[in-house]
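J.: Put chain X on the given structure of chain S with help from the hints.
Keeping their order, the protein sequence lines are chains S and X. Residue numbering for the first sequence follows the UniProt record's numbering, starting at 1 and increasing by one per position. Residue numbering for the second sequence follows the UniProt record's numbering, starting at 1 and increasing by one per position.
Please keep in mind that the hints were generated in silico from the structure rather than gathered at the bench. Be aware that one or more of the hints could be misleading.
All copies of an identical chain are treated as equivalent in the list; a pair is satisfied when it fits inside any one copy or across any two copies.
What the hints assert, rightly or not - Keeping only pairs whose Cα atoms sit at most 27 Å apart, straight-line, the calculated BS3-like set for lysine-lysine is:
#, residue 1, residue 2
1, Lys28, Lys96
2, Lys95, Lys28
3, Lys121, Lys41
4, Lys64, Lys41
Protein chains: 2
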Amino acid sequence: MTESGKPILYSYFRSSCSWRVRIALALKGIDYETVPINLIKDGGQQFSKDFQALNPMKQVPTLKIDGITIHQSLAIIEYLEEMRPTPRLLPQDPKKRASVRMISDLIAGGIQPLQNLSVLKQVGEEMQLTWAQNAITCGFNALEQILQSTAGIYCVGDEVTMADLCLVPQVANAERFKVDLTPYPTISSINKRLLVLEAFQVSHPCRQPDTPTELRA
Amino acid sequence: MTESGKPILYSYFRSSCSWRVRIALALKGIDYETVPINLIKDGGQQFSKDFQALNPMKQVPTLKIDGITIHQSLAIIEYLEEMRPTPRLLPQDPKKRASVRMISDLIAGGIQPLQNLSVLKQVGEEMQLTWAQNAITCGFNALEQILQSTAGIYCVGDEVTMADLCLVPQVANAERFKVDLTPYPTISSINKRLLVLEAFQVSHPCRQPDTPTELRA
Chain S
1 MTESGKPILY SYFRSSCSWR VRIALALKGI DYETVPINLI KDGGQQFSKD FQALNPMKQV
61 PTLKIDGITI HQSLAIIEYL EEMRPTPRLL PQDPKKRASV RMISDLIAGG IQPLQNLSVL
121 KQVGEEMQLT WAQNAITCGF NALEQILQST AGIYCVGDEV TMADLCLVPQ VANAERFKVD
181 LTPYPTISSI NKRLLVLEAF QVSHPCRQPD TPTELRA
Chain X
1 MTESGKPILY SYFRSSCSWR VRIALALKGI DYETVPINLI KDGGQQFSKD FQALNPMKQV
61 PTLKIDGITI HQSLAIIEYL EEMRPTPRLL PQDPKKRASV RMISDLIAGG IQPLQNLSVL
121 KQVGEEMQLT WAQNAITCGF NALEQILQST AGIYCVGDEV TMADLCLVPQ VANAERFKVD
181 LTPYPTISSI NKRLLVLEAF QVSHPCRQPD TPTELRA
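The following block holds chain S by itself, in its conformation from the complex:
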């Protein structure tokens, strides 16, 4: 935390995992300070000695809050949910909570890790786009089907949940990797409804302290 007691979010404007946490912080009205970690510049600032000491996985987001340091976006969101429960991001019904966590894990464990920067580096420049598109398509094929039985206005019912915090940044990645979204009408319409909400707008990659001028909106 800062001297004034504000939480500190180590974040990269384009990181979809950071965006998930930024939405949670915005929805819950938690004031925080951003420390940008540029994953590209200087060979990747996440590899600096200082940052590695903070997060040995060399990844964003990392949140300093209440005297502790938490890594992993879903672990951060679950902590915020327990300590700052309003508005809630997990439904009251345990069966619906299971759906929310299932969708969140599908994205956070089944799609995003396969198309993140460090994996794409290993895959090599020539194969990157195909690899990323494949990972997203496989995941979205499943997700579209699952959402047909869980969704209301949003991913699970009619309240914004942790699943929605995972969906929107993943759709942004899909667009960045030029995935055809036509086969995913449910995903697309939920995404559209979420993007107009204030918390999704202020946390958007095009409106962060570290967003390069040419990408600002």
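T.: Chain X alone, transformed into the frame defined by chain S:
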């Protein structure tokens, strides 16, 4: 659920994600039936029409319980924790809960997805071993450091938690991929202490209904 009301676990003996759930079921004393899904045989039984209808991600584990179907191992474990809270797999202290979820997500989102069967198939036979070793080594380097500040007898303090349910199956994968565990004394000693517990033994890949005879112990 079966007609008798028992939960059904769709599982593969060697799947590390299935093993996580088997440990949870064993610890909580939940009687269940196993439906084996062989990820190799018949070109992969997870690709059958019937199984895809059940789990569009074409992955194990999947649990049918209380009239619902849950995919994703951590979502399943969180549901079990809410509905069958004894013995607890998440500490009472929210800060320790955050550590448990952070370690669980590090393994379930940061290591396992990069070395699972479908990714290794894409990487190609020649590169598989190096790729898997690299994913596990990167993750374990971070995990070893994190555990030094969270561990007691087990991953977080002295009680078995969800983090331990992720650790043991991941160490088994590391051994299968011939990762040198010498640089990870904390991981290794926690793993050793957990492996002797009954719930970890009955759920072990070498003791499942679908374990091939030559691998049984």
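J.: All hints, please: hold or fail.
T.: We went through each hint and held it up to the structure:
1. Lys28 with Lys96: both (20 Å within a copy, 22 Å between copies)
2. Lys95 with Lys28: Classified as both: same-chain Cα gap 23 Å, cross-chain 19 Å, threshold 27 Å.
3. Lys121 with Lys41: Only inside one copy: Lys121 and Lys41 sit 15 Å apart there, 32 Å across copies, limit 27 Å.
4. Lys64 with Lys41: Within. Shortest intra-copy distance 23 Å satisfies the 27 Å Cα cut-off; inter-copy 47 Å does not.
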